[in-house]
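Colleague: Here are the chains, one letter per residue:
Protein chains: 2
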Amino acid sequence: MNHTALLDRTSTARLQDLGQQLRVDSVRASAAANSGHPTSSMSAADLMAVLLARHFRYDFTDPHAAGNDHLIFSKGHASPLLYAMYRAAGAITDHELLSYRRRGSRLEGHPTPRLSWVDVATGSLGLGLPVGVGLALAGRFLDQLPYRVWVLCGDSELAEGSVWEAFEHAAYHGLDHLTVIVDVNRLGQRGPTRHGWDTAAYARRMAAFGWHTIEIDGHDVTEIDRAYAEAGQTSGRPTVILARTRKGQGVAAVEDAEGAHGKPLPDPEEAIRELGGPRSARVEVKPPPAQPQRPHAFPAGQLHLPEYERGSLVATRDAFGEALAALGAARADVVVLDGEVSDSTRTQYFADAYPGRFFQFYIAEQQMTAAAIGIQARGWTPYLATFGAFLTRAHDFLRMAAVSRASLRVAGSHAGVSIGRDGPSQMALEDLAVFRAIHGSTVLYPCDANQAARLTAAVADRQGVSYLRLTRGGTPVIYEAGEEFPVGGSRVLRSSADDQVTIVAAGITVHEALSAASQLAARGVSARVIDVYSVKPIDAATLRQAARDTGRIVTVEDHWAEGGLGSAVLEVFADGTDEALPIVRTLAVREMPGSAAPEDQLADAGIDSRAIISAALTLARA
Amino acid sequence: MNHTALLDRTSTARLQDLGQQLRVDSVRASAAANSGHPTSSMSAADLMAVLLARHFRYDFTDPHAAGNDHLIFSKGHASPLLYAMYRAAGAITDHELLSYRRRGSRLEGHPTPRLSWVDVATGSLGLGLPVGVGLALAGRFLDQLPYRVWVLCGDSELAEGSVWEAFEHAAYHGLDHLTVIVDVNRLGQRGPTRHGWDTAAYARRMAAFGWHTIEIDGHDVTEIDRAYAEAGQTSGRPTVILARTRKGQGVAAVEDAEGAHGKPLPDPEEAIRELGGPRSARVEVKPPPAQPQRPHAFPAGQLHLPEYERGSLVATRDAFGEALAALGAARADVVVLDGEVSDSTRTQYFADAYPGRFFQFYIAEQQMTAAAIGIQARGWTPYLATFGAFLTRAHDFLRMAAVSRASLRVAGSHAGVSIGRDGPSQMALEDLAVFRAIHGSTVLYPCDANQAARLTAAVADRQGVSYLRLTRGGTPVIYEAGEEFPVGGSRVLRSSADDQVTIVAAGITVHEALSAASQLAARGVSARVIDVYSVKPIDAATLRQAARDTGRIVTVEDHWAEGGLGSAVLEVFADGTDEALPIVRTLAVREMPGSAAPEDQLADAGIDSRAIISAALTLARA
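Quick mapping for you: the protein sequence lines, in order, are chains A and B. Using my numbering, you'd call the opening residue of the first sequence number 1 and step up by one each time. Using my numbering, you'd call the opening residue of the second sequence number 1 and step up by one each time.
Hints are computed from structural coordinates only; laboratory data are not their basis. Keep in mind that a hint or two might mislead.
The list treats identical chains as one, so a pair stands whether inside a single copy or across any two.
[As the list claims (entries may be wrong)] The calculated lysine to any residue pairs, modelled on SDA-like cross-linking and capped at a C-alpha distance of 20 Å, are:
1) Lys263 to Asp343
2) Lys286 to Asp578
3) Lys286 to Val525
4) Lys286 to Arg590
5) Lys263 to Gln348
6) Lys286 to Asp318
7) Lys263 to Ala315
8) Lys263 to Pro287
9) Lys286 to Asp604
10) Lys286 to Gln233
11) Lys263 to Ala253
12) Lys263 to Asp318
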């Protein structure tokens with residue numbers, strides 16, 4: 001098919017008819033659910049009809065085929081339209097279409113990868129485009145395959161900064177296989193958008209960022225077809241198609257009307273009549289090119305994790321960086337993403353050794369995180385790293401990664417007050433709470449370099465979002481190289497039959513706990529010390545045993561008092577068994593820190609050995 | 001002084017000399033601390049010298065004077081430069097300058113409002129400009145005063161999407177009293193920026209967004225002075241000055257050098273010699289206009305909170321919206337910020353009644369939150385609202401609000417699985433964990449409309465970040481209008497001398513708990529029910545009493561199992577006492593939800609009355 005040729009009259013009519021079918025099915029699905037966003041689906045129906053019938057290359061019987069195009073509904077609330085496309089493509093039955101938003105149905109209110117044709121969950125606006133950038137980066141630099149990435153955006157979501165991080169990044173890399181289709185229906189949820197139908201206002205901005213821009217009537221299938229063809233022929237830069245559309249197009253009662261967002265149509269039967277009645281056209285979606293398309297593979301070798309000598313002082317961030325480089329040598333699937341702090345997080349070691357698998361996002365944590373979601377959707381194994389504090393900038397996308405069932409490995413360096421003089425803006429003090437409350441997450445917090453190296457490798461094959469909490473300053477190496485640290489485990493560092501109190505620590509506070517236990521021993525108090533390097537899942541059995549043995553637990557963490565290590569330990573004892581809670585005292589950061597030397601920060605926060613001793617003595621005597 | 005006139009030779013020399021003084025003092029402060037960012041300070045020294053000496057209008061003896069200009073160091077790591085300016089202005093002594101980054105010093109590594117001349121804390125890049133937009137909005141629409149807002153940005157931070165939310169928003173409102181100065185020193189922390197010294201690349205983007213752009217040599221005081229004058233004369237749109245500079249300017253050892261970021265100079269003595277030695281010029285900063293400048297005031301009246309009839313079904317988001325409108329009538333200082341969901345959060349009631357104090361940010365949660373930080377810095381009382389889930393998009397700025405000692409009232413609607421069919425992308429399931437782990441925060445979660453109205457009013461005068469968690473669907477009104485709900489309190493809804501178990505709930509689960517308790521009573525089990533509407537601070541005394549009385553506690557929350565209500569209750573019992581430690585079982589959301597009706601969601605998550613009954617029976621029999 002020659003995309004540059006104008007459509008003939010038959011094709012035009014067929015495409016218009018398909019657009020109406022997609023509208024009808026969006027209305028039907030929403031009516032069946034008595035819930036959903038039919039009007040937001042109807043505005044984009046013609047855009048998607050032409051894409052599906054003439055430009056999208058996809059094998060619905062093999063959603064993981066390497067050559068498949070990718071389609072992301074960044075405006076995830078238009079899910080009825082997506083599901084209507086699946087029906088038209090023969091991927092789902094009409095019966096399943098009408099299960100939309102019902103309990104147990106995989107046709108959720110917003111698309112998720114419970115459907116195997118959905119790469120990533122959307123529904124938080126501003127996410128789909130930066131994820132699309134990740135997929136396009138994977139296509140160009142990792143898979144080295146010519147698949148195209150199509151992203152359908154709403155106009156409202158162009159207000160999100162994450163979208164502009166993506167516009168910048170995609171143009172910088174000349175991602176010409178990425179095409180963004182903006183459904184400019186001029187109406188947000190609550191009323192008119194800022195720029196209404198002024199597609200030129202958007203085009204000016206995007207062109208300034210380096211994109212090829214095309215403005216069209218989004219209900220004219222000929223213009224739409226021409227725009228997709230032009231996008232396909234544009235090289236060296238990505239294309240955005242700004243399509244003027246009408247929300248609720250085709251049904252007078254809701255067309256271009258305020259107050260019709262996110263609601264089933266008032267009279268679906270009448271609307272379906274107005275749209276020409278139900279249809280069941282089947283679209284033969286073109287498969288990707290027939291020749292076997294194997295994604296590019298990088299060379300791989302043996303894993304030789306770095307080893308550190310007991311007693312030496314090494315920062316866990318250093319060990320993380322060195323282990324990551326070792327993983328890069330051993331595994332061809334590992335890729336690393338940086339937010340312009342590779343010198344601090346030590347991902348620079350990987351960057352220097354494997355520049356082809358290292359991605360620099362500059363200071364754009366949302367784009368970095370979204371790209372990792374896109375990259376893992378193509379089967380790669382991404383690690384991303386920045387200061388733990390700045391991961392809060394990407395919290396929404398980390399939350400959505402869980403909805404996407406995405407597997408990401410996230411490293412947050414410069415955790416806690418122990419960073420010292422830079423002050424609170426640079427200190428991650430909420431990251432344990434953040435990552436623990438991400439569904440299906442793993443949260444690890446190494447205290448020494450050998451442990452950090454092991455845990456860095458351990459998360460490579462872990463499902464879900466894994467978090468590694470890293471410390472800025474050097475800490476003593478207390479474990480031998482080669483020791484194992486299974487996820488979900490812990491290490492009992494001091495223990496005896498007459499322990500009177502248990503000190504539970506992780507990361508930097510393990511060393512304070514060991515120092516405290518030595519001093520307590522000198523004062524005749526025997527303290528057990530547990531290193532809970534696996535904060536989630538946590539080693540409940542060992543903690544329960546300690547509670548039985550000592551009855552008294554002091555937890556100590558370089559983190560706010562809410563939701564972190566102390567909470568994780570307490571939650572172990574909240575499973576409703578007939579054992580009451582042990583006596584627990586949580587030591588944590590409770591006042592806003594300022595600037596000071598690391599040791600002064602620990603003292604001022606009341607999480608140093610002295611504070612532990614004081615708490616342990618009080619408990620042991622209770 | 002005529003700003004359009006060229007500077008005479010004496011003025012030029014004096015300004016150049018002041019720039020050198022600011023450099024010397026940046027070097028001295030960093031050397032004294034053996035820590036800090038002198039090179040990032042030196043690039044912007046001439047820019048700040050000209051601003052301080054000729055354009056900034058500020059009364060250092062009265063930092064809260066309404067007419068004062070505002071200066072935000074968005075590149076907060078250049079704090080040595082800011083403190084050098086304070087010394088030059090006579091605000092701090094040389095002795096204090098050299099306390100930089102020392103324990104106890106208010107000259108922290110990144111500026112905070114511990115210094116009364118600092119409006120907001122910075123240090124998380126990409127924050128200062130959107131906060132500046134908030135101050136400029138306050139100046140134009142609330143205070144209605146002609147003060148200017150000056151924001152010093154680094155070039156690296158232009159990669160942050162939050163900055164582009166701000167560029168869009170400021171141009172949309174024609175904030176011509178806002179001037180952004182970008183210190184384009186071409187070097188980020190780790191190496192060159194994406195666009196290097198290509199100021200035209202930035203100018204194209206900013207002009208496309210509607211800004212007046214000026215490109216200058218950032219070390220030429222005449223060009224700098226002319227640019228500030230031009231900014232002052234530009235009306236109808238904000239101005240950005242893109243200044244090409246050299247990092248470490250003036251000291252050959254570090255000038256324009258990679259690897260010199262964030263470190264004191266290798267040889268400070270030699271550097272100071274090279275810069276011409278220490279100086280002590282004192283700048284007479286021009287005060288704001290002499291005539292008394294009173295900020296504009298809106299009319300105010302009496303507070304008549306909405307009242308709801310017991311037994312009726314009302315959503316707490318409705319009560320929030322109506323209470324907010326009532327507050328608007330009573331208090332002239334209350335302003336409301338929306339992220340394009342005012343129909344859902346019900347802030348539309350306020351918008352309709354008080355459009356002059358309502359700010360629409362479209363879907364830009366970071367700009368919305370940052371603007372609230374800026375607006376409260378001028379003494380106003382902002383409430384901001386969106387879906388609780390989407391507040392994760394602004395998490396970094398909420399974190400920084402605490403570092404800023406800012407007082408914000410944040411409402412998150414559509415909390416939990418109980419929203420029903422929209423699915424997990426729209427459900428706030430981590431918001432209690434997020435807001436509890438913000439330093440100094442208040443976390444409230446009303447279960448009925450009368451309580452929601454009271455709590456909405458209660459946070460108006462609360463210090464710090466206050467969070468109101470709101471429910472989408474209608475819940476039964478169980479409290480009388482006019483009842484008081486003090487922050488830090490709770491309500492015991494069922495209680496008797498022979499209670500065998502305590503059910504602790506908040507928000508939507510209070511109703512499930514009441515239903516469970518009735519059914520338990522029918523089965524001969526007496527259950528106490530506590531409504532902990534104040535999740536932080538939590539009513540420890542009442543919970544302790546329940547533990548003493550019943551020994552068994554079931555917590556139930558529409559939130560992930562980590563860091564939320566259950567953790568808050570457990571933390572009460574972690575103060576190291578051995579008194580009355582209960583058996584606890586936490587009911588919470590533990591599997592990823594899909595789409596379903598609200599009641600099915602509660603059942604599937606195991607947080608409905610049936611699940612509570614089952615847990616309570618197990619515990620009561622234990």
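Colleague: Which of the listed hints are not met by the structure?
Modeller: Hints 2, 3, 4, 6, 8, 9 are the ones this structure does not satisfy, whereas the remaining hints hold.
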